[in-house]
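Student: As a plain string of letters, each chain reads:
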Amino acid sequence: MTAVAERRERTSGADRHAPINRNRQAKNRGKLLPTILLLIGAAYCLVPVVWVFIATTKARGELFTTFTFAPGTGLFDNLASLFSYGDGQFGMWALNSLLYAGIGGILSTLVSTMAGYALAKYEFPGRTLIFYCILGGVLIPGITLAIPQYLLLSQIGMAGGYLSVLLPVIISPFGIYLSRVYASAAMPSETLEAARIDGANEWRIFRTIGIPLMVPGMVTVFMLQFVGIWNNFLLPFVMLSDQSNYPITVGLYTLLAKGSGSPALYSLAITGAAVSIIPLVLLMLFLQRFWRMDLISGGLKG
Amino acid sequence: MSSLTARSSSTRQAGTPQATRRRHPRVRSAPYLFLAPALVLFVVFMLIPIVYAIWLSFQAYHLEGGGILGHRVQVFSGFENYVSVFSNPELAAGFGRLGIYGLIAVPLTLGLALLFALLLDVPAVRAARFSRIAIFIPYAVPGVVAALLWGFMYLPGTSPFSYITEALGFGTIGFLDNPGLFGSLANIAIWGGVGFNMIIIYTSLRGIPSEIYEAARLDGANEVQIALRIKVPLAVPALVLTAIFSLIGTLQLYGEPTTLKPMTNAISQSWVPLMMIYRDAFLTDNLPTAAALSVVLALGTVIVSAIVLRIANRRNSGGMS
Chain A
1 MTAVAERRER
11 TSGADRHAPI
21 NRNRQAKNRG
31 KLLPTILLLI
41 GAAYCLVPVV
51 WVFIATTKAR
61 GELFTTFTFA
71 PGTGLFDNLA
81 SLFSYGDGQF
91 GMWALNSLLY
101 AGIGGILSTL
111 VSTMAGYALA
121 KYEFPGRTLI
131 FYCILGGVLI
141 PGITLAIPQY
151 LLLSQIGMAG
161 GYLSVLLPVI
171 ISPFGIYLSR
181 VYASAAMPSE
191 TLEAARIDGA
201 NEWRIFRTIG
211 IPLMVPGMVT
221 VFMLQFVGIW
231 NNFLLPFVML
241 SDQSNYPITV
251 GLYTLLAKGS
261 GSPALYSLAI
271 TGAAVSIIPL
281 VLLMLFLQRF
291 WRMDLISGGL
301 KG
Chain B
303 MSSLTARSSS
313 TRQAGTPQAT
323 RRRHPRVRSA
333 PYLFLAPALV
343 LFVVFMLIPI
353 VYAIWLSFQA
363 YHLEGGGILG
373 HRVQVFSGFE
383 NYVSVFSNPE
393 LAAGFGRLGI
403 YGLIAVPLTL
413 GLALLFALLL
423 DVPAVRAARF
433 SRIAIFIPYA
443 VPGVVAALLW
453 GFMYLPGTSP
463 FSYITEALGF
473 GTIGFLDNPG
483 LFGSLANIAI
493 WGGVGFNMII
503 IYTSLRGIPS
513 EIYEAARLDG
523 ANEVQIALRI
533 KVPLAVPALV
543 LTAIFSLIGT
553 LQLYGEPTTL
563 KPMTNAISQS
573 WVPLMMIYRD
583 AFLTDNLPTA
593 AALSVVLALG
603 TVIVSAIVLR
613 IANRRNSGGM
623 S
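Protein sequences appear in the order of chains A and B. Numbering of the first sequence is given in my numbering, commencing with residue 1 and proceeding in unit increments. Numbering of the second sequence is given in my numbering, commencing with residue 303 and proceeding in unit increments.
These aren't lab readings, by the way, just hints derived from the structure by calculation. For every residue, glycine included, the Cβ atom is placed at its ideal position computed from N, Cα and C. Take these hints with a grain of salt, some might be off.
As the list claims (entries may be wrong) - Stretch-level coverage of chain B by chain A, calculated; a stretch enters the list once three of its residues show a Cβ under 8 angstroms from a Cβ in chain A: (1) 353-360; (2) 411-421; (3) 438-448; (4) 451-463; (5) 489-498; (6) 585-594.
To be verified - Calculated Cβ distances over 12 angstroms to all of chain B for the following chain A residues: (7) Leu95; (8) Pro212; (9) Val215.
The following block holds chain A by itself, in its conformation from the complex (with noise of 0.2 angstroms):
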């Protein structure tokens, strides 16, 4: 993404100098407006962020009764309670969102690949229905699922674990979709027929060819599916009913849901959102910058 955006900078810094621009003025006036929306934007994007770091900052009894935007003098009381709540239950949470997110990003990032590139690269008995299954699976929410999943997992006895939020989700039609979408504009197929005129086979071709070809993709990939698994509410929801294995999503809705009764129990849920925040906001903008967004618009064409 912010290498075409660096690309286009790059050229547009060039039309400042072009004679096209003579009328300084004018320009200027020309994107002060624009200036002013885009940062209103940012404004009212940032104030719950602000808000809830703030809010994390009050003592129980100043978080109904201070200015919401003043800092209060609590946050030290509050991450020390919020981790301790429940025997240390809301850094269980984390860690099992790391693990839900994490694995299955990856596995479904791995999945996926192999797919895209077998659905780009080959032509096969069965190719074009394979294709419209997936796309067809791209539509269906996948959320609708959520419910038959859980019916047939507790029919099996695997509700309730690790594996019955694991599994459903490694399946992703759209990141299939989106590396058949890579796969088949960043591969040249000649390169792939020189490999298997030279013997190599079909496994070694991927791994040595393919792969390194679609890394851009596959993190784009692994970062959708990653966010993706990491905000999901209803699966967890449904499938677990053991708090310990609960992600951070589902542990939070418990402890606001329980907060009706107690406010003690909405500076944890506060807290809680507070904390949960950070990470993913710090791996977003640390992969940002491998992100390739125009796959997603530019799929559409193809």
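For chain A, the structure is supplied; the task is to place chain B on it using the hints.
Tutor: Frame of chain A; chain B shown alone:
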């Protein structure tokens, strides 16, 4: 399934004299092996649940025997569940609420996403990088956490907005009561969705060759005209995609009202269709109705997406040729 097709294809191809394929017998099985994990998972976690849900939706529980000794047996019931689903005024009300919510959330999400994407694409706009990242940040915030954050921004005791209006003597704002609730819920979706959709549209704008703009500028077009006449039409595929994402997201509305439920009495247990499905499946233990509702919802999603794609395709082919 895949091994069967593989075998039939190999026998067919062995007869034909297409040498390139025959020299590499492994080529024939390779794509199926690469696809195998995805296909197995697709069948187990998507196809079978869908078939199972459809089958279940034609079943019903009937009480056999009488009184305390009676037990529930599952029997085939034809379209009974569908009839009761469609004649249930609760469902119509749920879809009605979803409709109001969607009418606020979808156009505003897409409109703002398009606006911000176009603004980011204005040459030499200031603070573009900061704004882009700031607007994108809510994407990293789980829906439930977003609902929780906004819930506290709405709750009279902690809301900064109500704090200001109260200080001015207007009392608190009814974010969590009807009819403000619709706007409040839509706002959570808009907040969470604008950034992601903005990036999709923005990257598709970045893909437009800048020569087109130069030509338009030489012809005397100003930036607004360029945005409306060139950029928007070329961003249509991205807009269609984001529209479909937003519509699917709307039909799947669940986590946000569920999270806000403890904070307000205005949200019932059957406020949106998915909440109704959850209630039927887990609280009142009526699985067949829940299954029938799931099937209706899934079909509805597919139909809505198909309509959007259809409209977009027609306009595209009409506009381009």
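Student: Examine the segment 489-498 of chain B for residues whose CB is less than 8 angstroms from any CB of chain A, and state whether their number is three or more.
Tutor: Three-residue rule met by the segment 489-498 of chain B, so holds; n is 3.
Student: Counting residues of the segment 438-448 of chain B that have a beta-carbon nearer than 8 angstroms to any beta-carbon of chain A, does the count reach 3?
Tutor: holds (count 11)
Student: Taking the minimum C-beta separation from A/Val215 to chain B, is that value above 12 angstroms?
Tutor: holds (17 angstroms)
Student: Taking a Cβ-to-Cβ distance below 8 angstroms as contact, does the segment 411-421 of chain B have at least three residues touching chain A?
Tutor: Holds: 4 residues of the segment 411-421 of chain B have a Cβ under 8 angstroms from chain A.
Student: Is the listed coverage of the segment 585-594 of chain B by chain A valid when you require three or more residues with a beta carbon under 8 angstroms from a beta carbon of that chain?
Tutor: holds (count 3)
Student: Okay, the segment 451-463 of chain B and chain A, do three or more residues pass the C-beta test at under 8 angstroms?
Tutor: holds (count 9)
Student: Is the Cβ of A/Pro212 farther than 12 angstroms from every Cβ of chain B?
Tutor: holds (16 angstroms)
Student: Are 3 or more residues of the segment 353-360 of chain B near chain A, judged by a Cβ distance of less than 8 angstroms?
Tutor: n = 3 at 8 angstroms, threshold three: holds.
Student: Should the label of A/Leu95 as a non-interface residue stand, given a Cβ cut-off of 12 angstroms to chain B?
Tutor: Per Cβ check, A/Leu95 is outside 12 angstroms of chain B; nearest 16 angstroms; holds.
The structure is consistent with each of the numbered hints, conforming to all of them.
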